[in-house]
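There are 4 protein chains.
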Amino acid sequence: MKGLKKKLADNMLVLRNSHQSTTVINVKGCPIGGESVVVVAGPCAIENEDLLKETAFKVRGSGAVMLRGGAYKPRTSPYSFQGLGEEGLKILARIGEEMNMPVVTEVMDSEDLDLLCEYTDILQVGARNMQNFSLLKKIGRIDMPVILKRGLAATIEEWLSAAEYILAGGNSQVILCERGVRTAETWTRNTLDLSAVALVKELSHLPVIVDPSHGTGVRSLVAPMARAAVAAGADGIMVEVHPVPERALSDGDQSLTPKGFSKLMKELEPIARAVGRRIY
Amino acid sequence: MKGLKKKLADNMLVLRNSHQSTTVINVKGCPIGGESVVVVAGPCAIENEDLLKETAFKVRGSGAVMLRGGAYKPRTSPYSFQGLGEEGLKILARIGEEMNMPVVTEVMDSEDLDLLCEYTDILQVGARNMQNFSLLKKIGRIDMPVILKRGLAATIEEWLSAAEYILAGGNSQVILCERGVRTAETWTRNTLDLSAVALVKELSHLPVIVDPSHGTGVRSLVAPMARAAVAAGADGIMVEVHPVPERALSDGDQSLTPKGFSKLMKELEPIARAVGRRIY
Amino acid sequence: MKGLKKKLADNMLVLRNSHQSTTVINVKGCPIGGESVVVVAGPCAIENEDLLKETAFKVRGSGAVMLRGGAYKPRTSPYSFQGLGEEGLKILARIGEEMNMPVVTEVMDSEDLDLLCEYTDILQVGARNMQNFSLLKKIGRIDMPVILKRGLAATIEEWLSAAEYILAGGNSQVILCERGVRTAETWTRNTLDLSAVALVKELSHLPVIVDPSHGTGVRSLVAPMARAAVAAGADGIMVEVHPVPERALSDGDQSLTPKGFSKLMKELEPIARAVGRRIY
Amino acid sequence: MKGLKKKLADNMLVLRNSHQSTTVINVKGCPIGGESVVVVAGPCAIENEDLLKETAFKVRGSGAVMLRGGAYKPRTSPYSFQGLGEEGLKILARIGEEMNMPVVTEVMDSEDLDLLCEYTDILQVGARNMQNFSLLKKIGRIDMPVILKRGLAATIEEWLSAAEYILAGGNSQVILCERGVRTAETWTRNTLDLSAVALVKELSHLPVIVDPSHGTGVRSLVAPMARAAVAAGADGIMVEVHPVPERALSDGDQSLTPKGFSKLMKELEPIARAVGRRIY
Numbered sequence: 001m002k003g004l005k006k007k008l009a010d011n012m013l014v015l016r017n018s019h020q021s022t023t024v025i026n027v028k029g030c031p032i033g034g035e036s037v038v039v040v041a042g043p044c045a046i047e048n049e050d051l052l053k054e055t056a057f058k059v060r061g062s063g064a065v066m067l068r069g070g071a072y073k074p075r076t077s078p079y080s081f082q083g084l085g086e087e088g089l090k091i092l093a094r095i096g097e098e099m100n101m102p103v104v105t106e107v108m109d110s111e112d113l114d115l116l117c118e119y120t121d122i123l124q125v126g127a128r129n130m131q132n133f134s135l136l137k138k139i140g141r142i143d144m145p146v147i148l149k150r151g152l153a154a155t156i157e158e159w160l161s162a163a164e165y166i167l168a169g170g171n172s173q174v175i176l177c178e179r180g181v182r183t184a185e186t187w188t189r190n191t192l193d194l195s196a197v198a199l200v201k202e203l204s205h206l207p208v209i210v211d212p213s214h215g216t217g218v219r220s221l222v223a224p225m226a227r228a229a230v231a232a233g234a235d236g237i238m239v240e241v242h243p244v245p246e247r248a249l250s251d252g253d254q255s256l257t258p259k260g261f262s263k264l265m266k267e268l269e270p271i272a273r274a275v276g277r278r279i280y
Numbered sequence: 001m002k003g004l005k006k007k008l009a010d011n012m013l014v015l016r017n018s019h020q021s022t023t024v025i026n027v028k029g030c031p032i033g034g035e036s037v038v039v040v041a042g043p044c045a046i047e048n049e050d051l052l053k054e055t056a057f058k059v060r061g062s063g064a065v066m067l068r069g070g071a072y073k074p075r076t077s078p079y080s081f082q083g084l085g086e087e088g089l090k091i092l093a094r095i096g097e098e099m100n101m102p103v104v105t106e107v108m109d110s111e112d113l114d115l116l117c118e119y120t121d122i123l124q125v126g127a128r129n130m131q132n133f134s135l136l137k138k139i140g141r142i143d144m145p146v147i148l149k150r151g152l153a154a155t156i157e158e159w160l161s162a163a164e165y166i167l168a169g170g171n172s173q174v175i176l177c178e179r180g181v182r183t184a185e186t187w188t189r190n191t192l193d194l195s196a197v198a199l200v201k202e203l204s205h206l207p208v209i210v211d212p213s214h215g216t217g218v219r220s221l222v223a224p225m226a227r228a229a230v231a232a233g234a235d236g237i238m239v240e241v242h243p244v245p246e247r248a249l250s251d252g253d254q255s256l257t258p259k260g261f262s263k264l265m266k267e268l269e270p271i272a273r274a275v276g277r278r279i280y
Numbered sequence: 001m002k003g004l005k006k007k008l009a010d011n012m013l014v015l016r017n018s019h020q021s022t023t024v025i026n027v028k029g030c031p032i033g034g035e036s037v038v039v040v041a042g043p044c045a046i047e048n049e050d051l052l053k054e055t056a057f058k059v060r061g062s063g064a065v066m067l068r069g070g071a072y073k074p075r076t077s078p079y080s081f082q083g084l085g086e087e088g089l090k091i092l093a094r095i096g097e098e099m100n101m102p103v104v105t106e107v108m109d110s111e112d113l114d115l116l117c118e119y120t121d122i123l124q125v126g127a128r129n130m131q132n133f134s135l136l137k138k139i140g141r142i143d144m145p146v147i148l149k150r151g152l153a154a155t156i157e158e159w160l161s162a163a164e165y166i167l168a169g170g171n172s173q174v175i176l177c178e179r180g181v182r183t184a185e186t187w188t189r190n191t192l193d194l195s196a197v198a199l200v201k202e203l204s205h206l207p208v209i210v211d212p213s214h215g216t217g218v219r220s221l222v223a224p225m226a227r228a229a230v231a232a233g234a235d236g237i238m239v240e241v242h243p244v245p246e247r248a249l250s251d252g253d254q255s256l257t258p259k260g261f262s263k264l265m266k267e268l269e270p271i272a273r274a275v276g277r278r279i280y
Numbered sequence: 001m002k003g004l005k006k007k008l009a010d011n012m013l014v015l016r017n018s019h020q021s022t023t024v025i026n027v028k029g030c031p032i033g034g035e036s037v038v039v040v041a042g043p044c045a046i047e048n049e050d051l052l053k054e055t056a057f058k059v060r061g062s063g064a065v066m067l068r069g070g071a072y073k074p075r076t077s078p079y080s081f082q083g084l085g086e087e088g089l090k091i092l093a094r095i096g097e098e099m100n101m102p103v104v105t106e107v108m109d110s111e112d113l114d115l116l117c118e119y120t121d122i123l124q125v126g127a128r129n130m131q132n133f134s135l136l137k138k139i140g141r142i143d144m145p146v147i148l149k150r151g152l153a154a155t156i157e158e159w160l161s162a163a164e165y166i167l168a169g170g171n172s173q174v175i176l177c178e179r180g181v182r183t184a185e186t187w188t189r190n191t192l193d194l195s196a197v198a199l200v201k202e203l204s205h206l207p208v209i210v211d212p213s214h215g216t217g218v219r220s221l222v223a224p225m226a227r228a229a230v231a232a233g234a235d236g237i238m239v240e241v242h243p244v245p246e247r248a249l250s251d252g253d254q255s256l257t258p259k260g261f262s263k264l265m266k267e268l269e270p271i272a273r274a275v276g277r278r279i280y
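Protein chains in written order, with this note's numbering: chain A, 1 to 280; chain B, 1 to 280; chain C, 1 to 280; chain D, 1 to 280.
Chain A with its partners taken away, still in its complex shape (with noise of 0.2 angstroms):
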């Protein structure tokens, strides 16, 4: 770890030992944190079965591992479409199993803990609940892989901590994820911080994935920071797809369509090879 001094108490859980490789995450057979650098797609939100089956179909199709979908919609506003809750679960797990694929969604309360465990492959923590720290202790103490993103002004250092109370209570299947962080600019939705992606690798044995769908907030620049997300060394990326982004129930100028996530699939491929890695 030269050039960057150890930030952490020596013996916290979520650092890399010298020598030590990333964890590897297995997902229903598939590996995060491997050889291979995973893509998760999806809608923001499970707006209908149909929808979903369509989207699911056609990002596999383009070589989507995973399969995102948001029953809980954390939204600024009360009067927002919230979710549909768990008849949102209930697609989910439904559609990721006609198409073996695992399934991600978030969790935004302690209490639904056990549904969601019941439908989803992989928990996610938003941006919101990074430091939600009575959920992280709950999600620590289950069986479980979780992605848990960074805050909307985290720090690493919190980042990092947030992610050892769920070490810390057990369970080892921590998936970080980078998600931009609030800056001045008013052009992009968020300022993704493709650098953390470098810096985390280099101290924790954590994988780290990218979305640069939240991270940037505009369609067209999903694609080159996924790009770059994955030449930096991340070892996935999350990317919003929704068949039609302007009927989108929510965050439709962030997603891709199908067509332009097939474009992103065969642009990450060769990036992939470059760092010496492929696309799972």
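Derived by calculation from the structure, the hints in this document are not laboratory data.
Remember, it's a predicted structure, so these values are computed and weren't measured experimentally.
Do not rely on the hints blindly, as some may be mistaken.
Stated by the list, open to error - Below, in silico cross-link-like pairs of lysine to aspartate or glutamate (EDC-like), each with a Cα-Cα straight-line distance of 20 angstroms or less:
#1 K138(D) with E86(C)
#2 K137(A) with E97(A)
#3 K138(A) with D114(B)
#4 K263(A) with E202(D)
Start from chain A and add chains B, C and D according to the hints.
Then chains B, C and D, alone, in the frame of chain A:
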């Protein structure tokens, strides 16, 4: 509302109608949002009964009307002191009753709501949970005053929208608390945004208080920022006080001594009068 | 200096020695940094002689002691009004003399220094030039008071170090001006950091003034922030006033009307008294 | 320009018209903005002739085509090494000629422009002078390529508007350089905003390069960010290299060794090919 265009949907419950006065929230006979400025004081964390009693006795003697103290602490690291939990709540309730001071404590998990409501007079939602929408919805369904702190990097729009989650549920006893936002400045813990106080007072009918302790993280800045907050129109101040700050289990650097707090109270009175108010 | 460790090299000229009082900078008989709080007012840009005269007449009548007005304007776009240049300087000097008010104007280029010094009583270095070190060095070699605004995202350390460039050159007549920093908040133009005022007053012997006009960008927030600044310990306030803000060639949204300014002055007096000072 | 609404006035010179390709800026036969990605390398500051010569020799051997080196250094503290001034310029020009490498150096004062133009092939306007509009206007009137770095907290709109100042003056040889923006993250010096590269490339016809050295401030992050920059579509990379970084008079922590630079160049080639380009 000259000079500041309304930025939120007209029908939001948090918004102030023309000529509407500030909502007064009555906590055991103590009004927040009225003509008087209220001062809430106490240690960051409840450490033990004697310390809390000593602190309560002294801050009450200097003019604080409410007592704060954390039983569940949101700490960056899982290895830091996490609070006394239920035992802390009991101590807080006991001392509050003895001293005849309404008490404030933080809720970190919706599962603890019932328990907390038994012991506290005001709930506090911390900055890290400002967008824990699931918690907000549940608080919306109970009948208890709540202090909603502004998130670490929350815009005013997001803060008011978070309050709207509570009001939309039927609970209109929301007190907003400005506690600083993240900036690149490292000599202060946060950058206290007093313009947010004036702006929110203009847009919303909810009372707004200020936490200069977390807002600066620096003891010597607490008094000037408390004075400035009252001058800017704040309806109250929430200050951390510890009998021996250097031995505090959390946030000692930003805690006033009882003597420092007493001095502050003497400074606040003329400022309050200067803006046509008084200290409750 | 309890509670705040010294963060800068001991021998820096900007630092306050123990028991050293604030440096009083005398501008044509008007002291900045003394017991009295000074108020500088005027339009953002000098538009023409009549408007400046009207503004000066009114703000002086309400109690402003110095007149501000830009002849060289740092505008984001090259196609916006760039100021009247030398013609503006002449107008400013003429009105200042007529009204017996010292005048302040911004320097944007070291080549203009000689010219500006002929016409102005205080130079202003704007936020965008706070680290124009070449300009700072040249100002260090002249004998004229200078207002050094904090940079758009400058830390306090950088701000004090920028002042040090001037002091190191031999010119110790530096007045620091807090004018807000960049944050993710979009409803205000900047986030006015009043804790910086208290902190700098503690660390440095230089007077500190506050610009609530640029600091908020919102007319209705100027008065509350001006009051808060005085409560926090500011040695002065610099406010934009325009007879007809909606027709101003720049910064109309944040300009007070003469009437609004007059109201503000009445509000400031009791605040100043509450902190043991008065308005000059 | 789908998915990203045009945010600037239609007639701005920096904007890309439909189907307009990137402006290629020719520097002594080396094209910036064309099919090839150019690499500029060299020490932060010119310290002496031998060191610069050694560095130039090595970076050229590894594939850098241009040489950077500061003669006038914008240092936070007036007591830090300020650069060799004209003597440094002479050294830079001499080594550039010897090695047949065009040279880049920073201008800090409009009064130095004539002198710098004698010695350099590309001017650099640093982040701290991005809105030194007086300097920009003067550069607009000369015939020399200029690298315009993004300001410390500049929005993309402000950055493009700053470039517009130069183009409006008649000089269209502007190369934009992303070098990170200020955030609350403290483990990196800045947060490199690669989405700005993709966004500016979409909006503007000007070439965009990236400085991963200042953009991260951490040696081990320079190579991953350089790779990511090329993957995101950057037209070039500017990297600090020093034979003995730990003895560098400035920015040693972020400087690559010649060996590290050589390794980076080998990594960049396949990334460039993956996006259909090559390293010049």
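Now for the hints, and whether the structure bears them out:
1. K138(D) with E86(C): This hinted pair holds, its Cα atoms lying about 18 angstroms apart.
2. K137(A) with E97(A): 29 angstroms, violated
3. K138(A) with D114(B): 19 angstroms, holds
4. K263(A) with E202(D): Since the Cα atoms of K263(A) and E202(D) sit roughly 18 angstroms apart, the hinted pair holds (cutoff 20 angstroms).
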